[in-house]
Amino acid sequence: MFITFEGVEGAGKTTQIRLLADRLRAVGRDVVVTREPGDGPLGPELRRLVLNPPGDAAIDDRTELLIMLADRSQHVAQIIAPAIQRGAVVICDRFADSSVAYQGYGRGLAIPTIESLNAFATQGVTPARTILLDLDVTTGLARQADRNRMESEDTDFHQRIRSGFLQMARQDPERFAVIDASGTKDEVHARIWREVSTLDMS
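The sequence shown begins at 1 in this note's numbering and counts up by one.
Don't take each hint at face value.
[Unchecked claim] Cβ-Cβ distance ranges computed for the label pairs, FRET-style: (1) Arg62 / Leu42: 33 to 39 angstroms; (2) Gln123 / Ser163: 16 to 22 angstroms; (3) Asp186 / Asp156: 31 to 37 angstroms.
[Unchecked claim] Below, in silico cross-link-like pairs of lysine to any residue (SDA-like), each with a Cα-Cα straight-line distance of 20 angstroms or less: (4) Lys185 / Arg18; (5) Lys185 / Gly124; (6) Lys185 / Thr113; (7) Lys185 / Leu49; (8) Lys185 / Arg23; (9) Lys185 / Ala128.
Hints listed in this document are in silico derivations from the structure and should not be mistaken for laboratory results.
Glycine residues also receive a C-beta, built at the ideal position from the N, C-alpha and C atoms.
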């Protein structure tokens with residue numbers, strides 16, 4: 001079982017992933033929590049390059065996408081696919097949809113190209129359910145005290161990302177569950193649990 005979390009910056013993914021993982025472990029499930037970019041042997045260095053590049057280094061939009069895809073390919077091969085194969089529930093903070101939202105809708109790169117490259121990087125691994133935590137962009141950014149390169153982009157960039165995520169959810173309603181992330185953490189968790197508890201995890 002593979003579950004991904006997506007959403008704008010500050011939507012509360014980290015908190016909600018922890019709550020979901022704890023609840024699944026409490027009912028006896030083997031749970032692997034991971035994230036993109038940044039997990040796996042190469043992940044920390046790739047994450048640093050794309051989110052906090054050295055000095056005044058400017059990263060071209062295509063280079064940014066390719067770094068994310070390199071991280072994803074390694075991530076699937078070394079962490080996600082092996083965990084799924086042994087029967088674990090894998091919960092991932094961001095996955096292929098983030099590249100479509102950030103580099104496609106946000107940066108303006110060709111979405112069909114991104115989707116094709118994603119298919120190559122993921123080797124066909126697709127989430128059973130994607131939890132999209134939807135939140136007003138201004139509210140989300142206000143929660144981010146120490147901003148990395150991506151979080152420091154202007155509001156219009158983040159608005160395009162939010163619109164992109166919602167567009168993807170409309171196009172694939174069977175996989176996406178759009179969750180209002182503006183409530184308390186317990187209210188949001190209850191909404192997420194209603195979605196996840198319907199999945200067949202046998």
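Tested hints:
1. Arg62 / Leu42: 33 to 39 angstroms: violated, 19 angstroms
2. Gln123 / Ser163: 16 to 22 angstroms: violated, 29 angstroms
3. Asp186 / Asp156: 31 to 37 angstroms: holds, 33 angstroms
4. Lys185 / Arg18: OK: Lys185 and Arg18 at ~11 angstroms, within 20 angstroms.
5. Lys185 / Gly124: violated, 33 angstroms
6. Lys185 / Thr113: violated, 36 angstroms
7. Lys185 / Leu49: It is violated: about 32 angstroms lies between the C-alpha atoms, which goes past 20 angstroms.
8. Lys185 / Arg23: Holds, because 14 angstroms separates the two Cα atoms, which is no more than 20 angstroms.
9. Lys185 / Ala128: With a Cα-Cα distance of about 23 angstroms, the restraint between Lys185 and Ala128 is violated, given a limit of 20 angstroms.
Violated hints for the displayed structure, listed by number in ascending order: 1, 2, 5, 6, 7 and 9.
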